[in-house]
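Model the placement of chains B and C on the given structure of chain A, informed by the hints.
Chains as they are written, first to last, in the working numbering: chain A, 1 to 324; chain B, 1001 to 1324; chain C, 2001 to 2324.
Careful, some of the hints might be misleading.
[As the list claims (entries may be wrong)] Heads up, simulated DSS-like pairs for lysine-lysine below, C-alpha to C-alpha not over 30 angstroms straight-line:
| # | chain 1 | residue 1 | chain 2 | residue 2 |
| --- | --- | --- | --- | --- |
| 1 | B | K1031 | C | K2253 |
| 2 | C | K2307 | B | K1024 |
| 3 | A | K218 | A | K259 |
| 4 | B | K1132 | A | K24 |
| 5 | B | K1021 | C | K2024 |
[To be verified] Computed spacing ranges between beta-carbons, pair by pair:
| # | chain 1 | residue 1 | chain 2 | residue 2 | range |
| --- | --- | --- | --- | --- | --- |
| 6 | C | G2135 | B | T1116 | 33 to 43 angstroms |
| 7 | C | T2316 | B | E1119 | 51 to 61 angstroms |
| 8 | B | N1314 | A | K218 | 19 to 29 angstroms |
Hints were generated in silico from the structure; no laboratory data involved. Beta carbons: idealized from backbone N, C-alpha and C, even for Gly.
Single-letter residue listing:
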Amino acid sequence: MEHYLSLKDIDSLPNWVAEAKSLKANPLHYKSLGAAKTICLLFFNNSLRTRLSTQKAAMNLGMEVIVMNFGSEGWALEYGDGTIMDQGTSEHIKEAAQVVAQYCDIVAIRAFASLTDREKDEAEVVLNGFKKYAGIPVVNMESSVGHPLQSLADAITLSEQNTKEKPKVVLSWAPHPKALPHAVANSFVEMMHLQDAEFVITHPEGYELSPEVTKGAKIEYDQEKALEGADFVYVKNWSNYKDYGKVLNQDPKWTMNAKKLGNAKFMHCLPVRRNIVVADEVLDSSQSLVIEQANNRTYAAQIVLKKLLEGLNNKTSNTLKTEK
Amino acid sequence: MEHYLSLKDIDSLPNWVAEAKSLKANPLHYKSLGAAKTICLLFFNNSLRTRLSTQKAAMNLGMEVIVMNFGSEGWALEYGDGTIMDQGTSEHIKEAAQVVAQYCDIVAIRAFASLTDREKDEAEVVLNGFKKYAGIPVVNMESSVGHPLQSLADAITLSEQNTKEKPKVVLSWAPHPKALPHAVANSFVEMMHLQDAEFVITHPEGYELSPEVTKGAKIEYDQEKALEGADFVYVKNWSNYKDYGKVLNQDPKWTMNAKKLGNAKFMHCLPVRRNIVVADEVLDSSQSLVIEQANNRTYAAQIVLKKLLEGLNNKTSNTLKTEK
Amino acid sequence: MEHYLSLKDIDSLPNWVAEAKSLKANPLHYKSLGAAKTICLLFFNNSLRTRLSTQKAAMNLGMEVIVMNFGSEGWALEYGDGTIMDQGTSEHIKEAAQVVAQYCDIVAIRAFASLTDREKDEAEVVLNGFKKYAGIPVVNMESSVGHPLQSLADAITLSEQNTKEKPKVVLSWAPHPKALPHAVANSFVEMMHLQDAEFVITHPEGYELSPEVTKGAKIEYDQEKALEGADFVYVKNWSNYKDYGKVLNQDPKWTMNAKKLGNAKFMHCLPVRRNIVVADEVLDSSQSLVIEQANNRTYAAQIVLKKLLEGLNNKTSNTLKTEK
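For reference, chain A alone in the conformation it holds in the complex:
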């Protein structure tokens, strides 16, 4: 694996989940793997879980960690090819990516969707810019279209909690006062494609995610029907995809509550708005897995970094062999 940009970079999800669970049982077992290796975490947006868990994961592997709020501490970046840079941007991604790579072995990046220009968001200029120019492994800490560290943590959580051969998992849209990105929902759907489960997506009509992402997945507009017999309910708001980035629906009847949830386990990536997305009674019940999901963020990041470090070490040892 060269990068961790999306779930497509995982060769075998069951193997990764198994290995992550063994890291969780013994987090410091590979403390020497990252010795003398540095990771830069570059934040173009706010972060709590991702910031702390990725640092923690890197430290568990013995890496040096440099954290930078690129947006406020660095220079405004230009992404266009051939641009005459006489406006607000001070540095081109071509230089920035190569420069960052001089000081670290792995770079992890968070750059949210703008939610104003769909085409631009889907081009993922920040992540792809670093991928193209940095020449070192790049980790996606949530981009415009995906949050694969979150969905890997979700896969770990599902694996820990599931007791059935083929559980029923429902992704249920929820209302929210602000326009939120599609990244978490997208990556969750992609992750479910790799699971042996009955998977249903439910949301108001018109709130369809990208058809490319949901291709082959079952969509049921009737929330009640979708939730019938669910073992796990993953609740998440996203803004409209067709009328891109708009909040067209805030209908409280989509809010998750105890009655709707039934006996299912409740999942959410956090942060979550209480009594808008989900009722207190659910979050405060033992059916909620949200804290365990947050905990598993560390081991999701740690398995990703472990794979990338092993890749770097193999590369070095191959180079050494060739040089002989």
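Just chains B and C, lined up with the frame of chain A:
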């Protein structure tokens, strides 16, 4: 000790001060105590001394340190019970506190008073929220009502500098153009309650601190009279407590100067406004202890973290015993 | 060497460059030199290269690193002597510098020129304040008038790339939409004074740098003539020095391009505005050394910190001898 939220968490101030002084003599003696332990420092407000000294203390104990400006880098927190979160706040303290606790062993928090709503400030929602929900030791890096790391450093400084059996210590209010919190003054008074000293508080009439804090302490409105024969003078501004958070007095006759100070030692927590709170002649004289106080912040934080780490280790070893 | 404030602090540039190149060949060779030593990096302005490379250099030497955005995370500083601090500043440099020194062994500072008041900028109040009051080694991470870590990296790059006994090096002004400081240009000129090279500065008439800096250097207003036979062309914008901080010229004929560059190598400190300062064709060609310059920032910082650490260790061992 489970947490370090106020001076009430200290079992014996003399013992702590003695132990802090021995840490100061040999700061790296317990370098292995914090191995594989992580502290998160969460700042909801600006900080210089606290930020640097607490990091330094944690590093002296071999801990991993994660620093986060929660206000600007994280999500706006909700503290209300049962709130329908359709306004500005994105995450509830219930989740935030539990989540942070997944990534560290100790959490330290700075959250200043708003100085607009006394009742709310005294409820200390941030600190108490983390205490209630995090399930790990919480350290107060200055809350609405107290700054116990500062007053512990002050106790160390007093102990180092005092030559008398029962010194006279005066807390003297000073003018200031901006409304400042009561935290430092409160904790200093609480600390003086634990000292064998003649303690006097002096301030303009109407500038009384919380009666709960000053209960049993001598208050003398005549500054000159209060300062007579003082060995240590601790100068500090605070805004009005009754007319909460207001600046009702900026009378320069309360500014500390060499004449008033006499032969006493001068103390202040810093930052200090020169020639408003105290004259240059005092700060630049050998009677000023302010830099030594700042230096002792490291060892105050270090003794606190040492006690908490020992608590964690005992807990682990008790758990292991029980499991047998 | 007590501090690293400008190139004047280097005893022998050729020796330093040679030593930096040997650090580059084996970056972790002195990993134990910085054990139990802490560096504080204080940023009053934005930074990418300096932030990352100086951290990396310190970590390569085994130091503990504390990074602080002083401007946004700390308190507004006062620099005036005898000021009555009743305005916007909360803490005097006298206290701030001494306090920071309680928590670290070396302090590194970035504080840009204001470009509004030349006299004030040239007084370098931040850097000189720390130098005067901190009592520990101070490193200049770009001040109002100099950027000696950059020019040391440039010297390393020149040494690696140069194949001639006496190369021709040209510093060529470039247009820019915003007012930029003189620090990089100043330090580059100072560094070239220490080189055995034919050195020419070219810029529009009226764009002279400080005469004190360029004293003895050849200035040629005709860019084409200046560039004739050049081996290295260092391109950099600076705002007007006489009409201080003004942008009086944005003439695109000063933009560097492939034709003008000829067979010379291209250098720039970055960040660079593409197609304003320099054409894409130059930056994207193999003649560009900008990424190598950025890479050498690590080893420039590392040789500086190594010298300072050795100084600290000598001081300690001398003190120990005296105490015997």
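The hints, checked one at a time:
no.: 1; hint: B/K1031 / C/K2253; in the structure: 60 angstroms, violated
no.: 2; hint: C/K2307 / B/K1024; in the structure: 27 angstroms, holds
no.: 3; hint: A/K218 / A/K259; in the structure: 23 angstroms, holds
no.: 4; hint: B/K1132 / A/K24; in the structure: 26 angstroms, holds
no.: 5; hint: B/K1021 / C/K2024; in the structure: 42 angstroms, violated
no.: 6; hint: C/G2135 / B/T1116: 33 to 43 angstroms; in the structure: 40 angstroms, holds
no.: 7; hint: C/T2316 / B/E1119: 51 to 61 angstroms; in the structure: 53 angstroms, holds
no.: 8; hint: B/N1314 / A/K218: 19 to 29 angstroms; in the structure: 53 angstroms, violated
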